[in-house]
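Following the hints, position chain B against chain A.
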Amino acid sequence: MSLASRVGIRLEPRVDNPRWMNWAVPVCSFFAALLVGSLVLLITSQNPISVYQRILERGFLDSGSLSGTFISATPLLFTGLCAAVAFKVGFFNIGGEGQFYVGAIFASGIALALGADAQSWIAVGAMVVAGAVGGAIWAFIPGILRAYFRTNEIITSLMLNYVAGIGATYLIFESDSFWRELSGTGAVFPKGKIIPLSAQWPSFDLGSLVVPFGLILGAVVAIWLHVLQRRTRFGYEMRVVGGAPSTARYAGMRPARVIVAVAMLSGALAGLGGAADVGNFRHVLDPKGLQQSGFGYAGIVVAALARLNPIAVVFVSIILGGITNAGYALQGPDFPAGLVGTLEGLILFCTLGGEVLVRYRIVNLRRQGVPA
Amino acid sequence: MTTDVDTKAVTAPAVAAFGVSKRFPGVIANDDVNFDVRVGEVHALLGENGAGKTTLSNILTGLYRPDGGYLELSGQRVSFDSPRDAIDAGIGMVHQHFRLIPTFTVAENIALGAAQGGERILLDMAAVERRIAELGEQFELSVDPRARIWQLSVGEQQRVEILKVLYREARILIMDEPTAVLTPLEADALSQTLTSLTRQGRSVIFISHKLGEVISIADRITVLRQGRSVETIDAAGATRESLAAVMVGREVELVERRGVGALPGAPLVLSVGELSADGDRGLPALRSVSLDVRGGEIVAVAGVAGNGQRELVEVLAGLRPRTAGRIEVDGEVLDRADARHPIRMGVAYVPQDRLGTGLAPDLSIAENLVLKRYRRPPVSRPPFLRSSVIDAEADVLMEQFDVRAPSSQTPTRRLSGGNVQKVLLAREMSGRPKVLVVSTPTQGLDIGAVATVHQLLLDAAAEGVGVLLVSEDLDEVLALADRVVVMYEGSVTGVVEAADATIASLGVLMGGGSSEDVA
Numbered sequence: 001m002s003l004a005s006r007v008g009i010r011l012e013p014r015v016d017n018p019r020w021m022n023w024a025v026p027v028c029s030f031f032a033a034l035l036v037g038s039l040v041l042l043i044t045s046q047n048p049i050s051v052y053q054r055i056l057e058r059g060f061l062d063s064g065s066l067s068g069t070f071i072s073a074t075p076l077l078f079t080g081l082c083a084a085v086a087f088k089v090g091f092f093n094i095g096g097e098g099q100f101y102v103g104a105i106f107a108s109g110i111a112l113a114l115g116a117d118a119q120s121w122i123a124v125g126a127m128v129v130a131g132a133v134g135g136a137i138w139a140f141i142p143g144i145l146r147a148y149f150r151t152n153e154i155i156t157s158l159m160l161n162y163v164a165g166i167g168a169t170y171l172i173f174e175s176d177s178f179w180r181e182l183s184g185t186g187a188v189f190p191k192g193k194i195i196p197l198s199a200q201w202p203s204f205d206l207g208s209l210v211v212p213f214g215l216i217l218g219a220v221v222a223i224w225l226h227v228l229q230r231r232t233r234f235g236y237e238m239r240v241v242g243g244a245p246s247t248a249r250y251a252g253m254r255p256a257r258v259i260v261a262v263a264m265l266s267g268a269l270a271g272l273g274g275a276a277d278v279g280n281f282r283h284v285l286d287p288k289g290l291q292q293s294g295f296g297y298a299g300i301v302v303a304a305l306a307r308l309n310p311i312a313v314v315f316v317s318i319i320l321g322g323i324t325n326a327g328y329a330l331q332g333p334d335f336p337a338g339l340v341g342t343l344e345g346l347i348l349f350c351t352l353g354g355e356v357l358v359r360y361r362i363v364n365l366r367r368q369g370v371p372a
Numbered sequence: 001m002t003t004d005v006d007t008k009a010v011t012a013p014a015v016a017a018f019g020v021s022k023r024f025p026g027v028i029a030n031d032d033v034n035f036d037v038r039v040g041e042v043h044a045l046l047g048e049n050g051a052g053k054t055t056l057s058n059i060l061t062g063l064y065r066p067d068g069g070y071l072e073l074s075g076q077r078v079s080f081d082s083p084r085d086a087i088d089a090g091i092g093m094v095h096q097h098f099r100l101i102p103t104f105t106v107a108e109n110i111a112l113g114a115a116q117g118g119e120r121i122l123l124d125m126a127a128v129e130r131r132i133a134e135l136g137e138q139f140e141l142s143v144d145p146r147a148r149i150w151q152l153s154v155g156e157q158q159r160v161e162i163l164k165v166l167y168r169e170a171r172i173l174i175m176d177e178p179t180a181v182l183t184p185l186e187a188d189a190l191s192q193t194l195t196s197l198t199r200q201g202r203s204v205i206f207i208s209h210k211l212g213e214v215i216s217i218a219d220r221i222t223v224l225r226q227g228r229s230v231e232t233i234d235a236a237g238a239t240r241e242s243l244a245a246v247m248v249g250r251e252v253e254l255v256e257r258r259g260v261g262a263l264p265g266a267p268l269v270l271s272v273g274e275l276s277a278d279g280d281r282g283l284p285a286l287r288s289v290s291l292d293v294r295g296g297e298i299v300a301v302a303g304v305a306g307n308g309q310r311e312l313v314e315v316l317a318g319l320r321p322r323t324a325g326r327i328e329v330d331g332e333v334l335d336r337a338d339a340r341h342p343i344r345m346g347v348a349y350v351p352q353d354r355l356g357t358g359l360a361p362d363l364s365i366a367e368n369l370v371l372k373r374y375r376r377p378p379v380s381r382p383p384f385l386r387s388s389v390i391d392a393e394a395d396v397l398m399e400q401f402d403v404r405a406p407s408s409q410t411p412t413r414r415l416s417g418g419n420v421q422k423v424l425l426a427r428e429m430s431g432r433p434k435v436l437v438v439s440t441p442t443q444g445l446d447i448g449a450v451a452t453v454h455q456l457l458l459d460a461a462a463e464g465v466g467v468l469l470v471s472e473d474l475d476e477v478l479a480l481a482d483r484v485v486v487m488y489e490g491s492v493t494g495v496v497e498a499a500d501a502t503i504a505s506l507g508v509l510m511g512g513g514s515s516e517d518v519a
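Keeping their order, the protein sequence lines are chains A and B.
According to my numbering, the residues represented by the first sequence are 1 to 372, in order.
According to my numbering, the residues represented by the second sequence are 1 to 519, in order.
Next up, chain B with everything else stripped away, as it sits in the complex:
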């Protein structure tokens, strides 16, 4: 019998799911999901938000038990009663948000929770460090075991997370959106790590919603749609368009910039000169940034999150005081840190935190649409607000921007992400702005909504509005922008015309390299 199992294990997939289903009250999160991960394979689970990726990974890691179906590891049926069981079976999860203690060393973090209770009282840290060094060598994951987490870069911290699961002898690694926090260079390094892992018999389940990266990183791709596994595709023959169509269930037209740029003689609608500002902790976060946006132009600000983009847009929106520098909107000086001032001068702003900052979630769509105009007629007739005007305008804007909701009285918290963004863009564009500042406008949206939002941004530009697009998604940046401003640690490391920009060249600048490094 044993030999029988062993021979089976050689050929059997590392993990396989058979008809896995998981229901929550009112939602079927996973519905008859089937896929198999070969030994030594990078297998992507691709799907939009709500397609069931997170539930599936929670089942694989023993956090949920499936209502139907089962899992096999190396051909043997398994049932996990707890996350501990999954870890013991050799499944390790690399979380998107790192679970590391900043003041502990790498070795301490890795030893944490890995030590089985009751074995011994004192931890042999030297042994842990030796083992980490060995693993690091074996899988080309170099990290100093004695370094403290806060001293490490994001990419290095991710390596620690990977080492953590390898230390627990995981043979199957689940990675949840691992590139979300990385620069393109760090993502390349991760890709090499994955190769090294799979070459040594480890298998990787790579969860993502980004079309480009699953094609370049994965061997095969299982697409999830509405909780079901739709199709497993070889990455070799896949294109972004074909994957998008499977993911959404219909043909999707991915919006591309038509290369118009600023109209000839278009005014300089936004001019930022040597702008500096402090971050929340009072340390300089924006260092002498200069950029220009002309009417009808889309200028992208690219960079890994946390490199001063947020501070930049907040200063532009009057929400953060500057420490130095100059801002001009259509030739007029904007000099006060007061949100009313930019609104009046024609700076529209769609913040990253759409429901938490851009909208009042408990208020209706109609009330949210007048959030920036409620002080002026015709909406305001002091001391009252005219609800007839508010409702009538809401109907027009909802029609124009195709906001799908039961009525204009629906609270915005009940809307889907795409409709929330449409309400925001409708409101900001209804103020007839000169500049539209948008921060990560498609983060978390599904593909259909992404295309709609991109089209709305192109429409805004076509109307002569200068668009400043802050985004971490380089596919989006390259698809929409006329010019790309790259930020790193609060400074501009380069300004690239879209025609000359590639992911690789932007990646160098995003990692702090200069334009000479690109050339």
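Chain A with its partners taken away, still in its complex shape:
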């Protein structure tokens, strides 16, 4: 007898889910996470209301805070799209993290190779392409293993995150690679070469608000993905393969090829994020910084909260970016450093819990007279 039936409830699949649930459930999950988070804060004798108020102010309301939020949101936007597009076809790409690193390696590599004399738009364009290609190559591995050898992509893509992280560390800390700065202080303290000024991505100053090029690129890509999914032949195949793989085969589609293509698309998106990270913000391949950020994993939270809708990913990444940004700003003796991570975890937890409510109804067995 299952635990659920012992406590007198059972989950029944819903026949249809009303439209309002598409937004109501994530919103409620988000607030439920804040509620549980406030319990955590109370335990650590913090006032939850004032903490949340400070997050709201430092993440969104204070002057200049939104510009910082956009910086935090940009990588999340790309890794969120990476997870959303892959999960939609049932390819559980946990490897956004590693694909992000490889994108950063490729993008910084091409920027350094082109050198200071390259025209800015060529350098930036080359980084965009290189980042996407790097991420796609990295995701191609779990993609092809899953599609043709039935390997579990969750495990392979996750393991490749470590490979990519160790690879990036090797390039900077354990070898005299092309990426590593060998002159000046770099000879003593290992660090990456700074990419030339011409390869650094622009940010657009709108008075009080600074919008990084990477965020705009991500928003455009999100709209493009939406059109791709809803309006194109490939999008149609993605939806059939994702929802009904044996139907796809029956209709003469090639599910294996679709999966590999989606895996590469997904990896390319994470790789773009890596390129944006180097181009827009760090200007250097920084393996330690990348691995501490965990953008790839946070992207899974973004995608889940956005219910895998690319347009929603844009907004969710800005909200989570705001929380992250506020976390950086507020970190100190009276603001626990782990709080933002805790909140993110709670949000994912509550979102997945909410997802159960979207798919299933809770049935009270006792009221139905079923002996539990």
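Just so you know, the hints here were simulated from the structure itself, not pulled from any lab data.
Using N, Cα and C, we set each Cβ at its ideal position, and we do this for glycine too.
Among the clues, some could well be false.
Unchecked claim - Ranges of calculated distance between the beta carbons of each label pair, as one might list FRET restraints:
{"id": "1", "chain 1": "B", "residue 1": "Pro406", "chain 2": "A", "residue 2": "Asn22", "range": "17 to 27 angstroms"}
{"id": "2", "chain 1": "B", "residue 1": "Gly464", "chain 2": "A", "residue 2": "Val227", "range": "38 to 48 angstroms"}
{"id": "3", "chain 1": "B", "residue 1": "Phe24", "chain 2": "A", "residue 2": "Ala24", "range": "20 to 30 angstroms"}
{"id": "4", "chain 1": "B", "residue 1": "Ser153", "chain 2": "A", "residue 2": "Ala24", "range": "49 to 59 angstroms"}
Stated by the list, open to error - Cβ-to-Cβ under 8 angstroms is the rule here; a few derived chain A residues that face chain B:
{"id": "5", "residue": "Arg231"}
{"id": "6", "residue": "Thr232"}
{"id": "7", "residue": "Arg233"}
{"id": "8", "residue": "Tyr236"}
{"id": "9", "residue": "Gly243"}
{"id": "10", "residue": "Ala244"}
{"id": "11", "residue": "Ser246"}
{"id": "12", "residue": "Thr247"}
{"id": "13", "residue": "Arg249"}
{"id": "14", "residue": "Tyr250"}
{"id": "15", "residue": "Ala251"}
{"id": "16", "residue": "Val284"}
{"id": "17", "residue": "Lys288"}
{"id": "18", "residue": "Phe335"}
{"id": "19", "residue": "Gly338"}
Frame of chain A; chain B shown alone:
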């Protein structure tokens, strides 16, 4: 008092339901159900899917408690708090899907769960085997108690299930669609078993939606419709038509083949020669099968499920590689195991698993209707799909095939079984096929939908399409087919003209007999 009860028990029905009701949120599964089963009677509960048969049997076996009404056993009011109570009261359930452990012996399976806890540590298997042998003799249910389940045929496994409930001293046996998995010969044997059971004072509740078999097997029939018990009828005077009318609540015209057959000079649209293929486990499942279908003809493939029919249609649909043999569609050779190839050559295919293989359940009706045409104009204009064309075509097809849904944008998972099948047939026929392969097209549909689907198949044939109908339902096969190909263990055991076919003759072939055995 005791004597009073005893005399009552002699005349009182074995089981009776009085006003039994059961509600689920949004559904009334049982609504004031009344019926009584006499001692020594086979009593059928007849109804369509969703009529409340399963809920009622769950109430009888103590799995649900009724919201209203009550049950009486031998005149005494009972209330079951758990399945255990129902078993102790002498009610036993013979499930449609057997609950047996394949690697255990018959005796071990029967002893499993029957032993009351705490009596003794060691099971006396010899005693169990003796008891099984006795029961087998008493009720003419011969099974070797030491045989392992995997060694037994489906019919024998069912006997084990029956012995299992008899071993627990059930006096009332509930059988849920017991013939669904049996060949006609095995069904005959089951019918004899039922006679033997009832002669010795056992009562049987026989749950079914098949009109023919309830008339031949049951003594009386209680018809359920929309959760209510509509009428209890003596099987002796009932006909399929009269029962269907009670079951559906209106007159139903059961479709019959008008005996047209292939049009004169009709082309050979499908020719299969010596086709062999392996099953999912890599063992030969299709052995050298040959058959022909002409335009306008309905050829049925009859057989008990799992005798190679699935492999046959999957090879035809390009979903399974063949190991040998030849397929020609309208004179052209079909030689690749690739679903696109048969689609292009005009082989339409309605699979058995309609929602899981035939449709994408989360996609709309309109999107599902172009599932096989989305790669070509006018639907496709690379890289886009033209939703205006898709929606316009959907409206036409839904009108033409009478698909009932709120709109063409409704996801197909929300449709009823009959409408799902209409969407599938609409899509397959819209591709202007030469051959239409349909696999168990009416399984699980209600009678009204069955008649509609049968009519659509006859219409397809009338348009000159060659129809290959794979079905386990012999009533359906005899009603529609011009010719019947019988399969057993992957081979064709006989090809019979519909005019010469009877359930009995097909039954022999379905059990592996040859045409000589029929004659």
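Hints and how they fare:
1. B:Pro406 - A:Asn22: 17 to 27 angstroms: Distance hint for proline 406 (chain B), asparagine 22 (chain A) holds at roughly 18 angstroms.
2. B:Gly464 - A:Val227: 38 to 48 angstroms: holds (42 angstroms)
3. B:Phe24 - A:Ala24: 20 to 30 angstroms: 25 angstroms Cβ-Cβ, so the 20 to 30 angstroms window holds.
4. B:Ser153 - A:Ala24: 49 to 59 angstroms: Given range 49 to 59 angstroms: holds, Cβ gap about 54 angstroms.
5. Arg231: With a closest approach of 5 angstroms, the arginine 231 (chain A) hint holds.
6. Thr232: Since chain B brings a Cβ to about 5 angstroms from threonine 232 (chain A), closer than 8 angstroms, the hint holds.
7. Arg233: holds (6 angstroms)
8. Tyr236: holds (6 angstroms)
9. Gly243: This interface hint holds because 4 angstroms falls under the 8 angstroms limit.
10. Ala244: holds (4 angstroms)
11. Ser246: This interface hint holds because 5 angstroms falls under the 8 angstroms limit.
12. Thr247: holds (5 angstroms)
13. Arg249: It holds, given that the least Cβ distance between arginine 249 (chain A) and chain B is near 6 angstroms, below 8 angstroms.
14. Tyr250: holds (5 angstroms)
15. Ala251: holds (5 angstroms)
16. Val284: It is violated, given that the least Cβ distance between valine 284 (chain A) and chain B is near 38 angstroms, above 8 angstroms.
17. Lys288: violated (41 angstroms)
18. Phe335: Check failed: Cβ of phenylalanine 335 (chain A) comes no nearer than 44 angstroms to chain B, outside 8 angstroms.
19. Gly338: Hint violated; glycine 338 (chain A) Cβ to chain B Cβ min 39 angstroms, cut 8 angstroms.
When held up to the earlier numbered hints, the structure conflicts with 16, 17, 18 and 19 and fits the remainder.
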